[in-house]
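Q: Here are the chains, one letter per residue:
Protein chains: 2
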Amino acid sequence: MKSSSSPRAAKMVVLRWGHREERDKRLTAHVALTARAFGASGFILSDVKDEKLETTIAKISKNWGGKFSFEMGTPWKQAVESWRAKGGIVVHLTAYGENIQSSDVLSRIKAEKKPVLVIVGSQKVPAAFFSKAVSDFNVAIGNQPHSECSSLAVFLDRFFSGSTLTMQFEGAKMRILPMQHGKKVVSMKT
Amino acid sequence: MKSSSSPRAAKMVVLRWGHREERDKRLTAHVALTARAFGASGFILSDVKDEKLETTIAKISKNWGGKFSFEMGTPWKQAVESWRAKGGIVVHLTAYGENIQSSDVLSRIKAEKKPVLVIVGSQKVPAAFFSKAVSDFNVAIGNQPHSECSSLAVFLDRFFSGSTLTMQFEGAKMRILPMQHGKKVVSMKT
Numbered sequence: 006m007k008s009s010s011s012p013r014a015a016k017m018v019v020l021r022w023g024h025r026e027e028r029d030k031r032l033t034a035h036v037a038l039t040a041r042a043f044g045a046s047g048f049i050l051s052d053v054k055d056e057k058l059e060t061t062i063a064k065i066s067k068n069w070g071g072k073f074s075f076e077m078g079t080p081w082k083q084a085v086e087s088w089r090a091k092g093g094i095v096v097h098l099t100a101y102g103e104n105i106q107s108s109d110v111l112s113r114i115k116a117e118k119k120p121v122l123v124i125v126g127s128q129k130v131p132a133a134f135f136s137k138a139v140s141d142f143n144v145a146i147g148n149q150p151h152s153e154c155s156s157l158a159v160f161l162d163r164f165f166s167g168s169t170l171t172m173q174f175e176g177a178k179m180r181i182l183p184m185q186h187g188k189k190v191v192s193m194k195t
Numbered sequence: 006m007k008s009s010s011s012p013r014a015a016k017m018v019v020l021r022w023g024h025r026e027e028r029d030k031r032l033t034a035h036v037a038l039t040a041r042a043f044g045a046s047g048f049i050l051s052d053v054k055d056e057k058l059e060t061t062i063a064k065i066s067k068n069w070g071g072k073f074s075f076e077m078g079t080p081w082k083q084a085v086e087s088w089r090a091k092g093g094i095v096v097h098l099t100a101y102g103e104n105i106q107s108s109d110v111l112s113r114i115k116a117e118k119k120p121v122l123v124i125v126g127s128q129k130v131p132a133a134f135f136s137k138a139v140s141d142f143n144v145a146i147g148n149q150p151h152s153e154c155s156s157l158a159v160f161l162d163r164f165f166s167g168s169t170l171t172m173q174f175e176g177a178k179m180r181i182l183p184m185q186h187g188k189k190v191v192s193m194k195t
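Going line by line, the protein sequences match chains A and B. With positions in the first sequence counted from 1, the corresponding number in my numbering is that position plus 5. With positions in the second sequence counted from 1, the corresponding number in my numbering is that position plus 5.
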């Protein structure tokens, strides 16, 4: 098993835009949990607040371990400006962008060797998201319509070359013992 | 760009268990669209029916092309038995299964060279899903809680080695023209 320190060294935060509390509650929770499980260090729910979501994510982090920041209500523009001011780059996941499979976009992103803010939108994102003023890279996980959740998972899996799927999360109260058949969760001594 | 014939030659159908119409409407739509976009040939919504979901998926397939079967209401046990009777294998995606990154489970699945029924569950799946009687393989896309949508996307991306992300979907009315910055959709002549 690989340690958690190496993949997470590349700082990566996921910004979720366009969340509507009732309609998107499960989907946004899945996006945030995907961010955590695949090695992002934090999550920003932009422009709106959702206390229930915050509680859900906090509970998962408490039980399953690891450090995962959660921020909400920050206007997206402010989050982007602040990220760039600190030397980070912005990657917008969208079906309209450069295809991660047929283009060299992923290697160009990696070559930057900078912290990455990944913007995950919803159906109708502001046109500005596609512009250079906001996104350094527009990346498509295939150019077919599917899901922001799937796009984020595949982007992170490929960015980290799969290494984050075996991370140990520090301070976990429980861990799954992988099995061919059956279910096993072990409680960790603290 | 690769053609659609080669990756789809490995027949793959996704079975979604545990859908509740109101609670899961967006999530299950995302799972179905992920199945389609990442190269599965069809989708089974087991045990329940959801006409709205069927309409959503049909509309996407009509506009964006390709053949993608949609079936609903079939009891999961019947779908599994019928799949196996035709010589297929069953892969259950679950956080409790063998880790796709640290184990050799993916190569063992590929070595079978058989049609694959991928079961995508929800929070509390029947215990039988983990047993040999139902699932030939239990596969974890990492052993942390996240999302059935993310699990499916990464499983398909890895199974098809990324090749399905550049498929051309036959009979599409429109196609995205991938761009570094901006949005472009072209209408296809029919």
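Hint data in this document are derived by calculation from the structure and do not stem from the laboratory. There's no promise every hint is true.
Because identical chains cannot be distinguished in the list, a pair is counted as satisfied if it fits within a single copy or across any two copies.
The calculated lysine to aspartate or glutamate pairs, modelled on EDC-like cross-linking and capped at a C-alpha distance of 20 Å, are [stated by the list, open to error]: (1) Lys188 <-> Asp141; (2) Lys178 <-> Asp109; (3) Lys16 <-> Glu76; (4) Lys30 <-> Glu56; (5) Lys137 <-> Glu86; (6) Lys194 <-> Glu86; (7) Lys64 <-> Glu26; (8) Lys54 <-> Glu117; (9) Lys57 <-> Glu27; (10) Lys91 <-> Glu56; (11) Lys57 <-> Glu86; (12) Lys64 <-> Glu175; (13) Lys119 <-> Asp109.
Q: Determine for every hint whether it applies to the structure shown.
A: Okay, the hints, checked on the actual structure:
1. Lys188 <-> Asp141: between (43 Å within a copy, 15 Å between copies)
2. Lys178 <-> Asp109: Neither, since 40 Å and 27 Å both go past 20 Å.
3. Lys16 <-> Glu76: Within one copy, since 16 Å is at most 20 Å while 42 Å is not.
4. Lys30 <-> Glu56: within (11 Å within a copy, 22 Å between copies)
5. Lys137 <-> Glu86: Intra 13 Å, inter 52 Å, cutoff 20 Å: intra-copy only.
6. Lys194 <-> Glu86: neither (42 Å within a copy, 42 Å between copies)
7. Lys64 <-> Glu26: within (18 Å within a copy, 26 Å between copies)
8. Lys54 <-> Glu117: neither (32 Å within a copy, 48 Å between copies)
9. Lys57 <-> Glu27: both (11 Å within a copy, 18 Å between copies)
10. Lys91 <-> Glu56: neither (28 Å within a copy, 49 Å between copies)
11. Lys57 <-> Glu86: neither (27 Å within a copy, 40 Å between copies)
12. Lys64 <-> Glu175: within (15 Å within a copy, 45 Å between copies)
13. Lys119 <-> Asp109: Cα proximity of Lys119 and Asp109: one copy only (17 Å, versus 33 Å across).
Checked against the numbered hints given earlier, the structure breaks hints 2, 6, 8, 10 and 11 and satisfies all the rest.
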